[in-house]
Amino acid sequence: MNISSLLKLSYAGLDALLVHRKRPIIGSIIVTDRCNLSCKHCAVKNISKIDYTYAQIKSDMETLYSEGVRILLFYGGEPFLWRDGEMTLRDLVAEARAIGFAIVNVVTNGTLGLDIPEADTIMVSLDGCKSTHDFIRGETYDTIMKNISGAPARNICLYMAVNQLNKGEIREVCKVSEKMRNVKAISFNFHTPYPGTESLSLSREDKAICAKEIMALIEEGYPILNLRSALPYIAENSFRTPCHQCVIVENGEQWTCGRCIEVEGLCENCGFFFAAEISLAFGGNILVLLDLLRTYLKYI
194 MNISSLLKLS YAGLDALLVH RKRPIIGSII VTDRCNLSCK HCAVKNISKI DYTYAQIKSD
254 METLYSEGVR ILLFYGGEPF LWRDGEMTLR DLVAEARAIG FAIVNVVTNG TLGLDIPEAD
314 TIMVSLDGCK STHDFIRGET YDTIMKNISG APARNICLYM AVNQLNKGEI REVCKVSEKM
374 RNVKAISFNF HTPYPGTESL SLSREDKAIC AKEIMALIEE GYPILNLRSA LPYIAENSFR
434 TPCHQCVIVE NGEQWTCGRC IEVEGLCENC GFFFAAEISL AFGGNILVLL DLLRTYLKYI
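In the numbering used here, the protein residues as written are 194 to 493.
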């Protein structure tokens with residue numbers, strides 16, 4: 194993170210922490226819900242099959258920035274599928290930079306190339322070892338490994354959604370970071386049981402075991418982006434929901450924290466580490482806040 198981005202983020206963070214307690218600092222924009230995969234845990238793909246216009250997404254970015262958001266993430270569907278005429282996802286990242294966001298990230302399945310060196314972090318889904326990942330996401334593991342190896346910048350973060358199928362392979366995903374020079378970090382979520390995917394849910398005991406393993410891996414020195422201090426709360430789902438510092442936008446419509454707040458019972462089973470960590474940090478947990486500062490300065 195450069196000095197300019199650090200200053201922008203520090204100011205926005207202090208403002209959200211000390212003055213405007215419900216002001217968002219992290220925003221996500223869904224640029225399309227089109228996706229080229231059919232993952233077993235996903236309930237939000239290919240519903241409308243629309244690519245939102247560049248003008249609409251730019252407007253959404255400007256709105257988020259005016260509200261105080263300084264960390265921006267582009268989501269799908271699969272965001273690398275997005276097109277508006279000749280414009281691609283790379284143009285959206287460039288526009289976000291021009292608007293002034295401190296950090297611009299992309300969340301992708303990694304199958305369509307990773308050629309956006311301008312992004313601070315490209316979060317690439319990897320859901321276990323080859324056989325398990327391919328069972329969950331289709332036969333894409335080898336393609337993803339090839340694309341990571343060929344990425345033009347060291348801005349890749351492996352992104353694992355832990356569920357009943359892959360809960361025993363957390364360490365295996367961490368080991369990938371040791372042999373992939375373009376991987377700078379690893380991030381985890383627990384499966385959030387959207388309707389139709391409940392069978393993949395982790396029990397409270399499962400979450401405790403997985404959280405303990407991730408904590409141990411952090412201690413071993415793996416470049417894990419998640420916060421050790423937050424993991425006990427995440428395992429118990431004992432953090433405030435929704436997280437007011439996080440918002441998500443799709444085609445001009447905005448939700449606090451995530452669209453999942455519209456589904457009864459999902460907040461109580463939230464598996465999004467990022468939202469939990471921000472909720473704890475901005476809710477006054479000093480240990481988590483210090484851990485956040487230390488970890489983000491190291492890996493983002």
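Check before you lean on any hint, since a few could be wrong.
[Stated by the list, open to error] Heads up, simulated DSBU-like pairs for lysine-lysine below, C-alpha to C-alpha not over 30 Å straight-line:
1. K491 - K405
2. K339 - K233
3. K233 - K372
4. K215 - K491
5. K372 - K242
By construction, these hints were calculated from the structure, which means they are not laboratory data.
Do the hints match the structure? See the list:
Distance hint between K491 and K405 is fulfilled; the C-alpha atoms sit about 22 Å from each other, no more than 30 Å. Straight-line distance between C-alpha atoms of K339 and K233 comes to about 23 Å, which keeps the hinted pair within the 30 Å bound. With a CA separation close to 27 Å, the supplied pair K233 and K372 stays within the 30 Å bound. Restraint check: the Cα-Cα separation between K215 and K491 comes to about 27 Å, which is no more than 30 Å; the hinted pair holds.
This hinted pair does not check out: K372 and K242 have alpha carbons roughly 36 Å apart, beyond 30 Å.
Of the hints listed earlier, the one the structure fails to meet is number 5.
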